[in-house]
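Trainee: Line order of the protein sequences matches chains A and B.
Read left to right, the first sequence gives residues 1 to 363 (the numbering used here).
Read left to right, the second sequence gives residues 1 to 228 (the numbering used here).
Hints are computed from structural coordinates only; laboratory data are not their basis.
Virtual Cβ for every residue (Gly too), placed ideally from N, Cα, C.
Among these hints, one or two may not hold up.
Stated by the list, open to error - Chain A residues, not near chain B, derived (Cβ > 12 Å throughout): (1) R177; (2) D193; (3) G235; (4) H262; (5) S318; (6) Q326.
Unchecked claim - In the EDC-like style, the derived pairs of lysine to aspartate or glutamate whose C-alpha atoms are separated by at most 20 Å in a straight line are: (7) K52/A <-> D93/B; (8) K89/A <-> D132/B; (9) K146/B <-> D90/A; (10) K146/B <-> E281/A.
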Amino acid sequence: MIDIQDIVKEFDGNIVLTGVTETIQRGEIFAIIGPSGQGKTTLLRILGLLLKPTSGRILFEEKSITHLSDSDPVRRRFGMVFQSPVAFKDSVYHNIALGLRYRGFSKEAIREKVLQKLDEIGLTGYENRKATTLSGGEKQRVSLARVMVTGPDVLILDEPTANLDPVSTEVIEDLIRHYNKNLGTTVILSTHDLMQGQRLADRVAVMMNGRFIQSGPIFDVFTRPCSEDVAKFIGISNVLSGKIIRKEEGMSVILVDGTEIHALAEDPVGTQVKIAIRPEEITLHTGPDRLSSARNILFGIVEAVRPFGIISLISVKSGDLVLSVQVTWQSIKELDLKPGVQVTLSFKAPSVHIMPDENSHAC
Amino acid sequence: MNDLLTGVQTAFELILAADPEVITITLTTLRITFSSVLIGTLISIPLGAAITFREFRGKKTLISIIQTLYALPTVIVGLLCYMVLSRSGPLGDLKWLFTPNGMIFGQTILIIPIMAGLTIAALQAIDPIITDTIRSLGATRLQFLKSHLREARFAIMAAVIVGFSRAISEVGTAIMIGGNIKGHTRVLTTAISLQTSMGNFNLSLALGIILLAIALIINLIMGFVQNR
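Isolated chain A (complex conformation) (with noise of 0.2 Å):
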């Protein structure tokens, strides 16, 4: 539906967008992931028709809109939320209406459409106060209504829940699915938030230094990350680097900090790799003869435990190779878990994520 070829945008000799190409398909939610500042709402100031490339097109439904003028109608069938919620100084009713009111629709149709909308955000009553006046989460749902009410084919969110507390973001994402789901509204989202990108998007692409540099399936994307970046970006602190040294019983052996992992490598022997592996993924016990069908079984020493809520995350010293473990607190408090205790690893070959040991080219 959306072609993104090849877009670059300046700034003053900044250059902030350095060619992303991507196609985002009728109905599907595809959210951009990555850290801040790193061009995320660019791209989509880009996509909402706010702003221009220097170079690159974009084509919806195969015509090109990287260069509409003001007064082009396609431009209606977008429509944009920003970070930070818009309140207009006027009451909710007229802030929801200023859509249509800009179409031309009459009174009673407005009046109709609006009403409905205050009715989905949960705001039924809300017509007459003054929008200025509404919590931070009040102003999003405004907003978001404000844009929906106008029908859009393409709604673009850029971080639309980046200020707000979560009860507020659940509200805004049950929002964005009812009207992705039931409208078949094509929705465009930008987020800093790992986990809303997996609660929400059926694709996501991972933009850094002012590109994708990853881009599929948002199960792809989270468990075999292309490049150390995408690695830690999406949380897997587990991200070392090795040699395959040999083949074993059709896995490859590869050597990590003097310690040898087995891994479903296709790498030939001689290869250097860097693995990743999820903390959650590796099985941590104090008794020595524990039954394990995990292929790797590493003996080593607690480092350090660094509290994260009701998870843990211990750092383990296993020779010179050191390795993050994630474990409940309640794990904690059983093992009577602290440094210098002794402890087993183990986790399976499958678990262990190889990548091309160059970081940062586009996969």
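Guided by the hints, dock chain B onto chain A, whose structure is given.
Mentor: Quick look at chain B alone, frame taken from chain A:
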């Protein structure tokens, strides 16, 4: 001190007795001031909007010049308008010198810079995200302007009040172009000036109180509208 108290007392007596001269002066003042503010508003707001939303060379310089003209001395406007409106001047054929029309002309010129300047400031103060929202909702050029003016309406209303205050309180343009002709171009400020020089402090005070009362009422009305 006693003089002042007697003065205030006499002033109220004059007002309550509906002194015909006081009434004529007040009505002339209101007519001239409201006309200048109306014409000034019709010119300043579109002018301010055009300067804010158009990109052109020298835009910053132009805004600086407009801001400098906030302090335009009334006697200079009076002098320039006198030269323009006098028989040999470019607009001499209008025969507006020493007429209420001439005074409206002068006061309009006097208040345009401050009203246009404050309109520009009001529009520039709008959060850029409001502008983005208006654009992304698919506003036409005219709808874009209307929505911005609506969003800035309270600040623009303040600009109108400031223009009104400057017009009703100035004396230089009124006396130089109007000539302070009794029953014709005499307004509150020129009358106060004349009566004071003649030693008629009671009448001057009465006229001063009326002037302040008008300003107060206008501000109360505007305040009421803003709060609604």
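Trainee: A separate judgement is required for each hint: does it hold in the structure or not?
Mentor: Hints and how they fare:
Every C-beta of chain B lies more than 12 Å from that of R177/A, the closest at about 22 Å, which supports listing it as non-interface. The Cβ of D193/A sits about 21 Å from the closest Cβ of chain B, beyond the 12 Å cut-off, so the non-interface label holds. Every C-beta of chain B lies more than 12 Å from that of G235/A, the closest at about 31 Å, which supports listing it as non-interface. With a least beta-carbon separation of about 53 Å from chain B, H262/A lies farther than 12 Å from that chain, consistent with its non-interface assignment.
Listed as a non-interface residue, S318/A keeps its Cβ farther than 12 Å from every Cβ of chain B; the least gap is roughly 52 Å. With a least CB separation of 39 Å from chain B, Q326/A remains clear of the 12 Å interface cut-off, as annotated. A hinted pair counts as satisfied when its Cα atoms are at most 20 Å apart, and K52/A with D93/B does not qualify at roughly 53 Å. Taking the CA atoms of K89/A and D132/B, the gap is near 15 Å; set against the 20 Å cutoff, the hint holds.
Simply put, K146/B and D90/A have alpha-carbon atoms about 14 Å apart, close enough for the 20 Å limit, and the pair holds. Between the alpha carbons of K146/B and E281/A the distance comes to roughly 58 Å, so the proposed pair goes past 20 Å and is violated.
The earlier numbered hints that this structure contradicts are 7, 10.
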